[in-house]
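Respectively, the protein sequence lines represent chains W and X. In terms of our numbering, the first sequence opens at residue 1 and continues consecutively. In terms of our numbering, the second sequence opens at residue 1 and continues consecutively.
Accuracy of the hints is not assured; some may be wrong.
[As the list claims (entries may be wrong)] Sample of chain X residues facing chain W (criterion: CB under 10 Å; computed from the structure):
1. Val11
2. Ser14
3. Ser16
4. Asp17
5. Val30
6. Arg31
7. Gly39
8. Tyr83
9. Thr109
10. Phe110
11. Ala111
12. Val112
13. Val146
14. Arg159
To be clear, the hints were calculated from the coordinates, so they are not data collected in a lab. All C-beta atoms, glycine included, are put in the ideal place defined by N, C-alpha and C.
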Amino acid sequence: MTGSDHDDGFDETWPRALAEELTRIEMQPRPALARYERRRRGWRIGAVPAWSVAAVLVVTLVSATTLALAATGHVPIGLPGEHGSPVARAPRAASAPTPAAEQTAPGTDAQSLQPSRAAPGPYAFTWKGAPAAPQAWTPGPVDDWDLLATSDYPGDLAGTMQAAYGTDCAPPPSTHQVRALVDSAYICRDRLATAIDGGGDAPKTYGGVYFSPARLADFDDHASSITWQVSTRRLAANDRWDVWLTPFGENLVAPVAPDEMPAFAGPPRDAVHVWMDNGACPGSGQPDTLGVVNGVPIGTVFGVEVFSNYRSTKIDGPGFPPCLEASLPAGPSAGVLTGFQLDVARNHVKFWAPGASKGAPPVYADARVDLPFTQAVLQFAHHSLDPGQADTFQWSDVAVSSAVPFTMLRPGGGTSVHGRQATLALPEAAPAGAFLRFYAFGSIQVSFDGGRTFRAAAPQQVQRAASGEASYWTPVPAGTDHVVIRGTGAGGLPWWVLDVSVWAA
Amino acid sequence: MSDRQRLARLVPGSSSDFDLLYRLTYDRVVRTCLIVLGGDPAAAQDCAQDTYLRAYRAWPRWRPEAPVEVWLHRIAVNAARSYKRRRMLRELPLLFEGLRARPLPLDDTFAVMRALGQIPSAEATALLLRYFHGYSGEEIAAGMGVPASTIRGRIVRGRSRLRKLLGEVDEDASRSAISALSEFEEKMG
Numbered sequence: 001m002t003g004s005d006h007d008d009g010f011d012e013t014w015p016r017a018l019a020e021e022l023t024r025i026e027m028q029p030r031p032a033l034a035r036y037e038r039r040r041r042g043w044r045i046g047a048v049p050a051w052s053v054a055a056v057l058v059v060t061l062v063s064a065t066t067l068a069l070a071a072t073g074h075v076p077i078g079l080p081g082e083h084g085s086p087v088a089r090a091p092r093a094a095s096a097p098t099p100a101a102e103q104t105a106p107g108t109d110a111q112s113l114q115p116s117r118a119a120p121g122p123y124a125f126t127w128k129g130a131p132a133a134p135q136a137w138t139p140g141p142v143d144d145w146d147l148l149a150t151s152d153y154p155g156d157l158a159g160t161m162q163a164a165y166g167t168d169c170a171p172p173p174s175t176h177q178v179r180a181l182v183d184s185a186y187i188c189r190d191r192l193a194t195a196i197d198g199g200g201d202a203p204k205t206y207g208g209v210y211f212s213p214a215r216l217a218d219f220d221d222h223a224s225s226i227t228w229q230v231s232t233r234r235l236a237a238n239d240r241w242d243v244w245l246t247p248f249g250e251n252l253v254a255p256v257a258p259d260e261m262p263a264f265a266g267p268p269r270d271a272v273h274v275w276m277d278n279g280a281c282p283g284s285g286q287p288d289t290l291g292v293v294n295g296v297p298i299g300t301v302f303g304v305e306v307f308s309n310y311r312s313t314k315i316d317g318p319g320f321p322p323c324l325e326a327s328l329p330a331g332p333s334a335g336v337l338t339g340f341q342l343d344v345a346r347n348h349v350k351f352w353a354p355g356a357s358k359g360a361p362p363v364y365a366d367a368r369v370d371l372p373f374t375q376a377v378l379q380f381a382h383h384s385l386d387p388g389q390a391d392t393f394q395w396s397d398v399a400v401s402s403a404v405p406f407t408m409l410r411p412g413g414g415t416s417v418h419g420r421q422a423t424l425a426l427p428e429a430a431p432a433g434a435f436l437r438f439y440a441f442g443s444i445q446v447s448f449d450g451g452r453t454f455r456a457a458a459p460q461q462v463q464r465a466a467s468g469e470a471s472y473w474t475p476v477p478a479g480t481d482h483v484v485i486r487g488t489g490a491g492g493l494p495w496w497v498l499d500v501s502v503w504a505a
Numbered sequence: 001m002s003d004r005q006r007l008a009r010l011v012p013g014s015s016s017d018f019d020l021l022y023r024l025t026y027d028r029v030v031r032t033c034l035i036v037l038g039g040d041p042a043a044a045q046d047c048a049q050d051t052y053l054r055a056y057r058a059w060p061r062w063r064p065e066a067p068v069e070v071w072l073h074r075i076a077v078n079a080a081r082s083y084k085r086r087r088m089l090r091e092l093p094l095l096f097e098g099l100r101a102r103p104l105p106l107d108d109t110f111a112v113m114r115a116l117g118q119i120p121s122a123e124a125t126a127l128l129l130r131y132f133h134g135y136s137g138e139e140i141a142a143g144m145g146v147p148a149s150t151i152r153g154r155i156v157r158g159r160s161r162l163r164k165l166l167g168e169v170d171e172d173a174s175r176s177a178i179s180a181l182s183e184f185e186e187k188m189g
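Extracted from the complex, chain X is given alone in its bound form:
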């Protein structure tokens, strides 16, 4: 039985099913957090924990019209955005002190993550769910609680922005990204 089949059998409110949800989805949820948070691993793990705490509160009320994992990623994105807002507030005094040059955690070889961080969050989320996690537009729409046409629009706009951003990276970074991708593909066979 695949993970998706198992996830489709979960019963809202069941504590053992929530444990199973955690086990089956944690790795992917933490990746979503990691992407939205710009590659900060500690923050991503806190974000994932926060995601499951939020999800647990809502678990008895979850209605399985959409894939449960899409619902979970939606919570994860919101948790990550809350985390970013809190982080910005904490850093505000530093900005006034002229310490604007906060080093980015990702170097140029993280071209895709950096590009995703530069496009609107709703569009990046739609792209991640569609192409990285592999859900259909209709499933994403159901999970996000918006019309399918809205998701289609976000994907089209987000894809266009992503293509432009990835096309604008300098040559060295491009070569680095392509080289890393080749190594990855070799490793994966």
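For reference, chain W alone in the conformation it holds in the complex:
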């Protein structure tokens, strides 16, 4: 600072003496990151009420318009294929039919935690279809995929956005307009595309698309490798994807880590979670769309954490997290998909990008763990957090090296139920130990005897708190072939049920 600062060594002596004094004060060990995260999350959750109040005000203003639009909303039509699904999938494992008369007492949460006893085997799947226009993806009604698109409020619209692929499915950079939730997951050119805008004219500042196959990753006494392909070009730092592995009985329809979105029910009790994040990427990144900080381009990195009884432990890889873009041979691309892999065993988790093959593939997590579960629902999600310019991710080639099937029944018309009492026909009678699963706003009642008697739908017990919409997980009597749903709204908003299905393992 000045020429006299170092004239007599005083400014070197006292800091050293101070350092010595500090060493004589006995300190507790540095708190683990988990302690810090719990407190951090506590603050985030604490911020929910004010945020929610603001959101409700916004929703109130737009709800009348939205309801009118929803009444004329898009109705998805599946492409030709098994059960109307536009997908190619592995043959369904045989399951013994359950006599309709075989009524059982409602299951318990503990019952739903029992692992599937089906023999594990490989599972491979990709989306197939070359429609003349973007075709809303409608999973098949039996043992195919679960799909939810939500904007975290009672309605069927998100923000208006320009999504990848033209109106004739011409590849990117061609675009077409998307706003309805049912159009947020669509097929073009043998790929699934997810596009949802949680900003702009969306009623709230969040949009999410969640999809899960009717398979449990199985890693009881061996490892299971889960692989998938996804596009790497990003238009917004606040559009990201993540992957969850959750025990069957603890699965949430829309798990969202508290750091990402406090309004939701939080993370599952136990899980493995992989999420896309932003990092500083000298010499790579995607500065034209994600921006530059301090002259350094922003790009893509990934984090991995394990939840055990709600406590998160972050897993590191070897060294500083590498930027994905630096390892992509042709740079980030909306046309070329890149392969990712999650290797899971009871005592080990590794997440890496073998498809990023420029040099050694980046490894984002590789560590010993102690997972409290050995089978898991596999759930992909695309989150849009008020991104400015919403993004499209393209997906293909999902595979699980060791998987067991579970029953997933999706009734026709179960994508969005609201307004009046609705009766939904299941494609097959529910087996024993089944659960009715959906995502809903308001107070919801269900009937399994044709509407003669109703009971309150059961919120998924493991979710921490629901600010509005919540995951429901209600035991279903064996043999049930129809479900009747009705509800009452809350706070001046209508009741709304999304993504109705019946699951059993």
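Since chain W is already given, all that's left is putting chain X on it; use the hints.
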């Protein structure tokens, strides 16, 4: 890559980058808290936790014109001062009961910490950032949001006060401090 290089790459709002910020800076932040709080280790750790909670709230809005660690130490000093104010309020009834002789947590061998506690907080902060944490005057000014000339003034005044205070310690304490310093330097090689 040095910690400073890593810190220079952090992206505001990134949760993983905030985790990295925590890992790379915690030890130094808790030392800042420890100094400002007069050597109370439990309070210093609470102060450090509070610092990161405050920083996390502001993390998306942080603008990297200044070193992120200077920004963090500024928050830490404010958190420590808030803690001291709260502690004084809690102890106020005791003062009225005549229990003024609250024992100091530091004995005479902690000459530098005690001296730093006796000079104005802004000057002590500037000295710590300049000579203990090693940031330039310009970096400190950017991090504190004040002109560089203000920081220069604080350093000059603070240094003068510190020199005077350390010169005024009694001979025994001086010998003790010098002896401890010699041992420390031997230990550090």
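Exercise. Of the hints stated earlier, which fail here?
Worked result: When the structure is compared with the hints, numbers 8 and 13 turn out to be violated.
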